[in-house]
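Since the structure of chain E is provided, determine the placement of chain Z on it from the hints.
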Amino acid sequence: MRRAGELLLRGEELRRAYDSQVVVDVEAVEVRAGEVLALLGPNGAGKSTLMRLLAALESPDSGRLLYRGRAVSRDDPELRRAAVAVLQRPYLWRGTVAQNVEFGLKARRLPSAERRARIREALGTVGVGHLLDAPVDTLSGGEAQRVALARALALEPEILFLDEPTADLDVTLRRQLLADLEWIVHHSAPAIVLITHDPGEAFALADRLVVIEGGRIVQTGTPAEIFEAPATEFVASFTGAEFMLSGRLEEAEEGTVVIRLDSGHALECAGCGEAGRRVRVAYRPEDVALAPPGSPATSARNRFDAKVARLRPQGGLVRLRLESDGLSLEAVVTRHSLEDLGLELGTPVVAQIKAAAFHVFPE
Amino acid sequence: MDVFVDALGEALRLLLSGDPYLWRIIARSLQVSGGAVLLGLLTGIPLGTWLGLARFPGRGLAVALVNTGLALPPVVVGLFVYILLSRQGPLGGLGWLYTPSAMISAQFVLAAPYVAAITLAAVGSVPPELRLQARALGASRWQALLLHLREARLALMAAVAAGFGAVISEVGAVMMVGGNVQGETRVITTAIMLETRRGRFATAIAFGLILLAIAFAANAFITRVQQAQPRRRRPLTS
Numbered sequence: 001m002r003r004a005g006e007l008l009l010r011g012e013e014l015r016r017a018y019d020s021q022v023v024v025d026v027e028a029v030e031v032r033a034g035e036v037l038a039l040l041g042p043n044g045a046g047k048s049t050l051m052r053l054l055a056a057l058e059s060p061d062s063g064r065l066l067y068r069g070r071a072v073s074r075d076d077p078e079l080r081r082a083a084v085a086v087l088q089r090p091y092l093w094r095g096t097v098a099q100n101v102e103f104g105l106k107a108r109r110l111p112s113a114e115r116r117a118r119i120r121e122a123l124g125t126v127g128v129g130h131l132l133d134a135p136v137d138t139l140s141g142g143e144a145q146r147v148a149l150a151r152a153l154a155l156e157p158e159i160l161f162l163d164e165p166t167a168d169l170d171v172t173l174r175r176q177l178l179a180d181l182e183w184i185v186h187h188s189a190p191a192i193v194l195i196t197h198d199p200g201e202a203f204a205l206a207d208r209l210v211v212i213e214g215g216r217i218v219q220t221g222t223p224a225e226i227f228e229a230p231a232t233e234f235v236a237s238f239t240g241a242e243f244m245l246s247g248r249l250e251e252a253e254e255g256t257v258v259i260r261l262d263s264g265h266a267l268e269c270a271g272c273g274e275a276g277r278r279v280r281v282a283y284r285p286e287d288v289a290l291a292p293p294g295s296p297a298t299s300a301r302n303r304f305d306a307k308v309a310r311l312r313p314q315g316g317l318v319r320l321r322l323e324s325d326g327l328s329l330e331a332v333v334t335r336h337s338l339e340d341l342g343l344e345l346g347t348p349v350v351a352q353i354k355a356a357a358f359h360v361f362p363e
Numbered sequence: 001m002d003v004f005v006d007a008l009g010e011a012l013r014l015l016l017s018g019d020p021y022l023w024r025i026i027a028r029s030l031q032v033s034g035g036a037v038l039l040g041l042l043t044g045i046p047l048g049t050w051l052g053l054a055r056f057p058g059r060g061l062a063v064a065l066v067n068t069g070l071a072l073p074p075v076v077v078g079l080f081v082y083i084l085l086s087r088q089g090p091l092g093g094l095g096w097l098y099t100p101s102a103m104i105s106a107q108f109v110l111a112a113p114y115v116a117a118i119t120l121a122a123v124g125s126v127p128p129e130l131r132l133q134a135r136a137l138g139a140s141r142w143q144a145l146l147l148h149l150r151e152a153r154l155a156l157m158a159a160v161a162a163g164f165g166a167v168i169s170e171v172g173a174v175m176m177v178g179g180n181v182q183g184e185t186r187v188i189t190t191a192i193m194l195e196t197r198r199g200r201f202a203t204a205i206a207f208g209l210i211l212l213a214i215a216f217a218a219n220a221f222i223t224r225v226q227q228a229q230p231r232r233r234r235p236l237t238s
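Those sequence lines, one after another, are chains E and Z.
Take the first sequence: its position 180, counting from 1, is numbered 180 in the working numbering, and each next residue is one higher.
Take the second sequence: its position 192, counting from 1, is numbered 192 in the working numbering, and each next residue is one higher.
Chain E on its own, in the form it takes in the complex (with noise of 0.2 Å):
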């Protein structure tokens, strides 16, 4: 992973309605040298709002945008030339690829020759060289992509902001960018800014991750900070966390706190805060381990006796729903550790969960 650097971009303060509903409003956002930044959120969030404003393609109502920090507009001709923007459609023109890909490089008045070099160099790094001379109205879907793409970056940007990149394509188009993707993040643009409504795809290729909802940052930090504490209900179920019933925070032996669920359970759990909050509780079912009845205790506080209550495949793994004396856990297991504990609908099983594998937030 590349060292995060200079800051090259900083929106502070950006706020931008249309027909006074609020779209877009965040205190600050920042592009350093060197990270993949991707502003994640759900559809509708203004994540592409803000792209548009931080790549000085929209104007906020108000707020400024700097850029090596100088207070920069739309037409300041320095950050036209290094921010360079793929929207979420790959909007072809008329003509050939190589008349695409060459736009850009016409507008920064480059030579012909350097101009050639580029278009090749582009397409390549895409995967799509031979189609160079084919006229874009030939092209399939993915190809389209590939070739929006490959036109932004021909212009070896210095910020490459990235609109959705695989959201119109089919899974096995989207495993193939997505790999081209990871590669081109860490081998060209020094900051690239990712707009996605995919966790997955954030947490798989970002240095850092800025959480919008409805128009405001939320969260902003490491995949791993944010996977590992997640700040609000909204980021904890967005990244995949599963909510349990409510509880009480309460205090236990040796200062320990326990979760006092309204179910009467109750789950240990570390740095959760001082006890006597009423909180809701989330985990990952990435962080439920399983086990055979009567296996030997783990290092895991909380273990459950469970059954199977449902199996559904997903792909090459199955999420399982246990139940346990009224208590439901949702666990996610790879089709082999399936097949070794031979679990099935009402197969006994033993569930475990880390003290601090717990996220509370106050009810």
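A few of these clues could be false.
Claimed, not checked - Chain Z is faced by these chain E residues, among others (derived, beta-carbon under 10 Å):
1. Ala82
2. Val84
3. Tyr91
4. Trp93
5. Arg108
6. Pro111
7. Pro157
Bear in mind the hints are in silico, worked out from the structure with no lab data behind them.
Each residue gets a CB set at the ideal place from its N, CA and C atoms; glycine is no exception.
Chain Z alone, transformed into the frame defined by chain E:
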């Protein structure tokens, strides 16, 4: 029926003989209508582009006015341009009345709304994100706008055809402000009227055929351009 067949034969003979009377009138027609369309393009494309892309209060009304311009009766346009250019009119000092300049002015008023209205529709049919994407690749506002117009170029060709078609075949306006002076302001349509009134049907039909041929040629040219494959430049594979 014989009258018709005889006239048709005579018309073809006239056309093939290269009669200077005929050809001077054809040249004048092309000059007047071509000039009017050119001026119509110079004003109608910017106006239509602006109306198609800008958002401002009163835009709906402006669009409605432009579209109303499509239904302007040539005679009424002729009347207004006549009054403007007449000796007592505000532009009387130009001395344009009964000159090709007056005819170009009147036909320009007829052609410009066609060009503007079709341009408006053409630029509106290109997704606005295309310009945004061009900007996002470092294009200036102008470069992005030019790209947008280039994307709409097929529809813009239709604007040229529609504008030309609207004026080459009109008679009311050129008759009023041009006066059908032989060798000066006589064009194909006014010649057809005159020759018909004189009972010289063969000449009138000859002009009619030419008018049809011009209209056909203009539209055939545009159809060809519209149906052409995407332009391929020298291949980069060298």
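Hints versus structure:
no., hint, in the structure
1, Ala82, "holds (9 Å)"
2, Val84, "holds (6 Å)"
3, Tyr91, "holds (4 Å)"
4, Trp93, "holds (6 Å)"
5, Arg108, "holds (6 Å)"
6, Pro111, "violated (15 Å)"
7, Pro157, "holds (8 Å)"
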